[in-house]
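Since the structure of chain C is provided, determine the placement of chain P on it from the hints.
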Amino acid sequence: MSPLSATECLLQMCDERHELEDYQSGVPRWCTGCGDNAILAAVQRLCRDEGLRPEKTVFVSGIGCSSRLPHYMKTYGFHGIHGRALPIAEGVKMARPDLTVFVNTGDGDCCSIGAAHWIHAIRYNMNLTVFLHDNQIYGLTKKQASPTSPIGTRTNTTPRGSYLEALNPLTVTLGVANVSFVAQAVDWVPEALFDIVTAAYHHKGLSFVRIIQRCPEWMPKTLEPWLHDPNRVQLLHHANGLPLRAGLARVYKNQVEHDPSDINRAREIASSHDIIPVGILYRNPDVPCYEDLLRPDQLRTIDMKRAALDAELDKHTVWPREANLLV
Amino acid sequence: MEAATHAHITFFLTGSRSREHLESVEGLDLRPALLAGYRALDELRYDFPLVLVANRPDGPLVQSLSGVIDEALTATAKGVDGERIRQHGLRIERDLRALVASGATGLLSSLWDGATSWLERDAEPSLDDSLRRIRAAIVVDGEVADCDAALPARLLRHLWVAVQARKVAALHQHLDRLVMKLTDILRADFERSTERRDASHLKASVGKGFGDAFDFDAMSRVLASAGTGDGFPEGRRKRIYQLLAVLTSRAFLPGPDAGVDPDGQPYKFIFGSCSEALDAFRTRMPAVIAMARAMAIAELEIDGQYRESRHDALFDEFGANGLDPQDLAAFPDYLVCVHAGQLPAAEHARLMEILTSGLPIKVLLQIDDILEESPDEQGALTAGMRMRQIAGMAMGLNDVYVMQSSSSNLFRFREHLLRGLQCRGSALFSVFSGASGAASGLPPYLVAAAAMDSRAFPAFVYDPSAGTNWAARFCLDANPQRDLDWPIQRFAYEDERHQKVSDDLAFTVVDFVASDRRYARHLADVPREKWSGHLSAVTESLSRERNGLPTTVPCVLMVDERNILHKVIVDERLIREARRCREMWHSLQELGGIHNSHAEALLARERVAWEERVQQAEPPMPAAIVTAPVAAAALVASPAAVREPERSSDEAYIETVRCSTCNECTTINSKMFAYDQNKQAYIADVTAGTYAQLVEAAESCQVAVIHPGRPRNPQEPDLEDLLKRAAPFR
Chain C
284 MSPLSATECL
294 LQMCDERHEL
304 EDYQSGVPRW
314 CTGCGDNAIL
324 AAVQRLCRDE
334 GLRPEKTVFV
344 SGIGCSSRLP
354 HYMKTYGFHG
364 IHGRALPIAE
374 GVKMARPDLT
384 VFVNTGDGDC
394 CSIGAAHWIH
404 AIRYNMNLTV
414 FLHDNQIYGL
424 TKKQASPTSP
434 IGTRTNTTPR
444 GSYLEALNPL
454 TVTLGVANVS
464 FVAQAVDWVP
474 EALFDIVTAA
484 YHHKGLSFVR
494 IIQRCPEWMP
504 KTLEPWLHDP
514 NRVQLLHHAN
524 GLPLRAGLAR
534 VYKNQVEHDP
544 SDINRAREIA
554 SSHDIIPVGI
564 LYRNPDVPCY
574 EDLLRPDQLR
584 TIDMKRAALD
594 AELDKHTVWP
604 REANLLV
Chain P
137 MEAATHAHIT
147 FFLTGSRSRE
157 HLESVEGLDL
167 RPALLAGYRA
177 LDELRYDFPL
187 VLVANRPDGP
197 LVQSLSGVID
207 EALTATAKGV
217 DGERIRQHGL
227 RIERDLRALV
237 ASGATGLLSS
247 LWDGATSWLE
257 RDAEPSLDDS
267 LRRIRAAIVV
277 DGEVADCDAA
287 LPARLLRHLW
297 VAVQARKVAA
307 LHQHLDRLVM
317 KLTDILRADF
327 ERSTERRDAS
337 HLKASVGKGF
347 GDAFDFDAMS
357 RVLASAGTGD
367 GFPEGRRKRI
377 YQLLAVLTSR
387 AFLPGPDAGV
397 DPDGQPYKFI
407 FGSCSEALDA
417 FRTRMPAVIA
427 MARAMAIAEL
437 EIDGQYRESR
447 HDALFDEFGA
457 NGLDPQDLAA
467 FPDYLVCVHA
477 GQLPAAEHAR
487 LMEILTSGLP
497 IKVLLQIDDI
507 LEESPDEQGA
517 LTAGMRMRQI
527 AGMAMGLNDV
537 YVMQSSSSNL
547 FRFREHLLRG
557 LQCRGSALFS
567 VFSGASGAAS
577 GLPPYLVAAA
587 AMDSRAFPAF
597 VYDPSAGTNW
607 AARFCLDANP
617 QRDLDWPIQR
627 FAYEDERHQK
637 VSDDLAFTVV
647 DFVASDRRYA
657 RHLADVPREK
667 WSGHLSAVTE
677 SLSRERNGLP
687 TTVPCVLMVD
697 ERNILHKVIV
707 DERLIREARR
717 CREMWHSLQE
727 LGGIHNSHAE
737 ALLARERVAW
747 EERVQQAEPP
757 MPAAIVTAPV
767 AAAALVASPA
777 AVREPERSSD
787 EAYIETVRCS
797 TCNECTTINS
807 KMFAYDQNKQ
817 AYIADVTAGT
827 YAQLVEAAES
837 CQVAVIHPGR
847 PRNPQEPDLE
857 DLLKRAAPFR
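Protein chains in written order, with our numbering: chain C, 284 to 610; chain P, 137 to 866.
Only chain C is shown next, with the shape it has when bound in the complex (with noise of 0.2 Å):
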């Protein structure tokens, strides 16, 4: 990293530090227990450790128990319509390259109704950062099963239990061409959770995190086995990925160095099944992003958008008094 200039340092200098209580907007309407409480937590430590401005940050979300989260976020928020939160986000990026736009979907929202609209944002790499809170279960509509329900779950919509496999949101996002960055964590393991949605942060491309977290409510023995035995949760570490903090390796004794940059061996781990492997899988800085790859070569000003947006209008325009005559 190079050194600030002196210039920069004076700017520094003048910016406003933030508490967590900056972020903090009202009281979650969350379920008590509810994972969804850990994420939030860990994104509003985020905003503080990297002094983001709340005014120059955005949380779009979709529909769901995760999507009320911009909510309880003291920064811009927009609080989408089901399944689109990340072309809402993608409009945002691109109209504002200067903000920092967060996306937190669910599995039903995201893996669901806005299947098509998540294969096309992990190929477009846009320089976002999407939380996918994966609950296994549509909660907010009160138990109806989701894409990443697993098979045998009795729902209101699948009263004899679902009859499919259930869609792993690692091994898709990982299949997409331009692919940047996947990880994974659970809402049970705050350290790790607070590392990777940092690493998420910092990476330049739409990085995808895929939190599993509890429903107390709806769902709350599916996940008891991992949360009770830390050996099914494996922790990736490497020196190019996340560092293994002494904390959790004392508690999570299965650990695997990963390196990042290898896609095929991130497709191994993220196929697990018995075992939640939590980390970075995947990370390549290098794709480009989208935003990036349409820069405009000059600068365009107001004017110059308001004549290229006449003269297209005018291609279809019929002047009135012409139109007039013409009768």
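The set of hints was computed from the structure by calculation and includes no laboratory data. These numbers were taken from a predicted model, which means no experiment stands behind them. Warning: the hint list may mix true and false statements.
DSSO-like, lysine-lysine: derived pairs with alpha carbons at most 30 Å apart [to be verified]:
1) P:K339 x C:K588
2) P:K374 x C:K588
3) P:K815 x C:K357
Chain P regions said to be covered by chain C (calculated; three or more residues, Cβ under 8 Å) [what the hints assert, rightly or not]:
4) 310-318
5) 793-806
Beta carbons are placed, not taken as given, at the ideal position from N, Cα and C, and that holds for glycine.
Using the frame of chain C, we list chain P on its own:
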């Protein structure tokens, strides 16, 4: 002792040549035997001439002619005509090289036309087809430059112009963005003004088509009553106008928009003297500071962050101490091309001033003669010392980019040249052109290459931005066989009986000096009939100090213009010079991590200590057993090292770092349980609740990080049951 041997030793010791036993080398036109194969350079394929590419801004800025032809042949020499096209391509390349060697200059395209116009196409009908195809495949064009005295400045100017063009384009783009954003701010301010809400302006904004469709007076009244504010404070508006004035005045930037300085002289950035460059830099500095200040304030304005109460004071004194290299990096650099041989003392002092102050001035120090003779003929030969010391001293300054190279190596160092031109602060390019060879009938390329190979002028790069230590910053890789004192090459020749004889010859600085006619008096040719066993290689003499009367005399193998082999003995002054050159090479090797004396001493010490330990210790365990725990320890950072403080099972506590912020405990008792600055739970006040609540919280915590400890109140109801429930969490 034989008379001949006596004469040889006498020459070695005194430089006095016996006419009876030794012949003068003057007039023999000798050159080192290893250079025998390089008489006609234009018949060889090598890096030169170069094409200074001018039509491919995003591609390589410089290419060798061979490289250009190779690329064209790769694209065209295919199929049944492939070999024919290849042969014709190589032929035209040879012609082009000869043309350039004869002094022709110009663009590659025009030289191509000139070279091909002489070819007898009628004699070979397919030639026309080959040349047409090859020419169509050559996409680059630019001036063609041979390895001559003008090359270093020519190449550096070419690269500098390209680097500055990119830099200035980026700066212009940045300034344009700032101007546009500031203009947008003023426009937004105007849109909110009373004037803008006037009926006539509103009508104009709708356009002609619907000009009569609205009541603009009513619209104006509605907007006036909407109370959208009165626009910016006058101070901000004034400040933005001032910023725009500075940001749009870019006369001091190079390029088509460059203007004239306050003295009416056109701004220039390439100078022939350090004094001129320094004066220009200092004259323009206030304008640069004003621009840097305006850029910083503009960023704040655009971001809506400028607060007069806070920032005015900071920016009032902006640039009082000048600008640091990071700030200056956005602005154009200066290039100075000077000849070391024409560097008066005052200019030398100004050069030092540039280097020591770290200004963004890049200096080409061209050295045409590294074998200049010492004014005192009795002293050391001082070959190249005076000039080489500047590069050495610049390295000692630590923050100057230093590159030393012969011009023959410049093409291979093109990336280093670019890196030096792109670096922040000052850079010194010390280049030996090889032009002094003309007096000895040798082409500059050969002299420059010989200087580098013989360690007389080693190539190196010192890049302070590459790291924090010498291993990262210093690079000696370009020199041949850098691990050795002198590079060794295979030399084959035919003896009197027409038998092939081959030998490994070291190319030393003595060979290099021997190729210079000015040093003929230090050499003496040994007639063939006097060749004997007491003539030894120079490297042998260098490897041992003289103790008493020498028994052998160092000689070098040389060839005359008919390629007849000669043995030429040298006097001791040249050997002394070679020793000094070797010592300097050793110093560079140490800087480059080769045969580093500190490392070798440490290694020797450790080896002795290890051997002692081995002798004293028990028989070593098998390697696998020894390394297993080490590997396991390396895999995981030792948890014990950062283990949390031991807690008593009687104490109530939370493993805060593992808390997942699920609100379970704070919902039970928000006074007993609270969140810390990272929004993770801890026991804020254990007395604020009951033991039952502690146990309940421990049971409901899904990550099981709450430990209830022992009850504080022995009178609490159902204590026995609570203790039983608490047992798994203590």
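Checked hints:
Taken as a hint, the K339 (chain P) and K588 (chain C) pair is honoured in the structure, with Cα atoms around 21 Å apart against an allowance of 30 Å. Taking the CA atoms of K374 (chain P) and K588 (chain C), the gap is near 27 Å; set against the 30 Å cutoff, the hint holds. Note on K815 (chain P) and K357 (chain C): the hinted pairing holds, with a Cα-Cα distance of about 16 Å set against a maximum of 30 Å. Taking a C-beta to C-beta cut-off of 8 Å, the stretch 310-318 of chain P contributes 3 residues in contact with chain C, enough for the three needed, and the coverage statement holds.
Under the rule that three or more residues need a Cβ within less than 8 Å of chain C, the assignment of the stretch 793-806 of chain P holds, with 9 such residues.
Of the hints listed earlier, there is not a single one the structure fails to meet.
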